[in-house]
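With the sequences and hints as input, model every part of the structure.
Residue numbers (our numbering), protein chains in the order written: chain V, 3 to 140; chain R, 3 to 140; chain F, 3 to 140; chain X, 3 to 140.
In case anyone wonders, no lab produced these hints; they're calculated from the structure.
One thing to keep in mind: the hints can contain errors.
Identical copies carry no separate label here, and so any pair may be met within one copy or between two of them.
As a list, the in silico DSBU-like pairs of lysine-lysine whose alpha-carbon atoms are at most 30 Å apart [as the list claims (entries may be wrong)]: (1) K69 to K108; (2) K104 to K40; (3) K86 to K73.
Protein chains: 4
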Amino acid sequence: MKKYAFEYIMEVRDYECDLQGIVNNANYQHYLEHTRHKFLEAHNVSFADLHNRGIDAVVARVSIDYKNSLKPGDKFASRLNLVKDGIKYTFFQDIYRLPDEKVCIKARIDSVTIINGRLGICQELEDLVEKIAAEIAE
Amino acid sequence: MKKYAFEYIMEVRDYECDLQGIVNNANYQHYLEHTRHKFLEAHNVSFADLHNRGIDAVVARVSIDYKNSLKPGDKFASRLNLVKDGIKYTFFQDIYRLPDEKVCIKARIDSVTIINGRLGICQELEDLVEKIAAEIAE
Amino acid sequence: MKKYAFEYIMEVRDYECDLQGIVNNANYQHYLEHTRHKFLEAHNVSFADLHNRGIDAVVARVSIDYKNSLKPGDKFASRLNLVKDGIKYTFFQDIYRLPDEKVCIKARIDSVTIINGRLGICQELEDLVEKIAAEIAE
Amino acid sequence: MKKYAFEYIMEVRDYECDLQGIVNNANYQHYLEHTRHKFLEAHNVSFADLHNRGIDAVVARVSIDYKNSLKPGDKFASRLNLVKDGIKYTFFQDIYRLPDEKVCIKARIDSVTIINGRLGICQELEDLVEKIAAEIAE
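If you want it as structure tokens, here you go:
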């Protein structure tokens, strides 16, 4: 069984660092969001297209443990797993510095789907969760 | 007994909104950080000065419940309470839309103090926590 | 004759500063954009509403002279004038640190109006330019 | 003779887009800054290291022509040339959408070097300009 369904490699950009000389806390949420959207894209689901069709995946809850700071020049692997829990899609997202695999953050993001203003079910995301569950179980 | 030790009024800037037309999730962390720094400033503690003296208040854990989205033009009250828990300073931070007081996010931020690279105690923050506890209890 | 049609007071937020400990260059464009939108709002024109009606004011050209850096804690006045030049609306926008009135940036922003995908004339903006011209001439 | 000394491939991240559904103007300055820093890195010069040694390359003037907007999902090439003009290092930086090579922005960035608070000459940057001039002339 695999631990992560998706991995995306990124690197710190200097403008993402604040006066402490490390990546500003808020920017990790940008990394996590971008990773989720790249994951969707890898499965032919576009966040922007969904929005244009009246389907918005929205975050209901975020919890992030900040373990080690990323610094200018650091490369990192942003890894993700996705499970369904009732009407919630829960993403487990961890960021590891490369190449030493030091854990930087561990995050859990609970999201729901709003269709034309109401909680709803998006079939593309349902199919995706099933596909991921099958892949992870391999 | 008061519920919050500090309140800061802000308003949404259009560039903080993303293609969904609402404030991007990561930007709430900016609002929360800025509120903490204004709170410190109101008590004559400067985050930037602390950093320049080798004292960094760093976030160890963030959890945010996203209840209602802020939109372009919205004004909001960012309210904060602070308690000490061992070596952790825990901020309870809630954002309410104005003037209808609809809750937008409820957050808990656990932070610690790093002095010259190691976990440490910052006397200014210790004094502040005591002062706040006394004020809140009034 | 007045030099500026509008003034908006802001202050530096720590997260807007980068590892050099000063406001990151790109963030001045955020300050300038927000000032333009507050200026429109002061004249009952909403950037977001215009967008929702298919009218987008877009920037065609930006030039910014960076004179003095803003630092954490600095307050500043963001001042603006607006003139029309053919199909272009040209904003002259200067930022001064407070209270010493040291000039921080001097900027010129040329913008045009896109209506349903094509260059067009937005009557609200036309009326606004005339009103401003009359006020400035006083 | 080559037209550009450096090219860096990037792609739009959804959070960089604003409520108009296109990349926010300020974010192009982030793209340009990151490209300059990657260019320096490719020549073994680190912007963050320079800062830590008291040498800050600072932007004195930016002018950007916005030609075509980047949208969610777009890939782009950020290309750069560098020439010296007195004490100024002038970067010519253009961004092209991929794969159709449509020009998005054309920018000119004038920068100077501040060493321990005063205008100064950084030998690493001097050497780099000479090396680039030789490469471009090939």
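- [ ] List in ascending order the numbers of the hints, as given earlier, that are violated by the structure.
- [x] none
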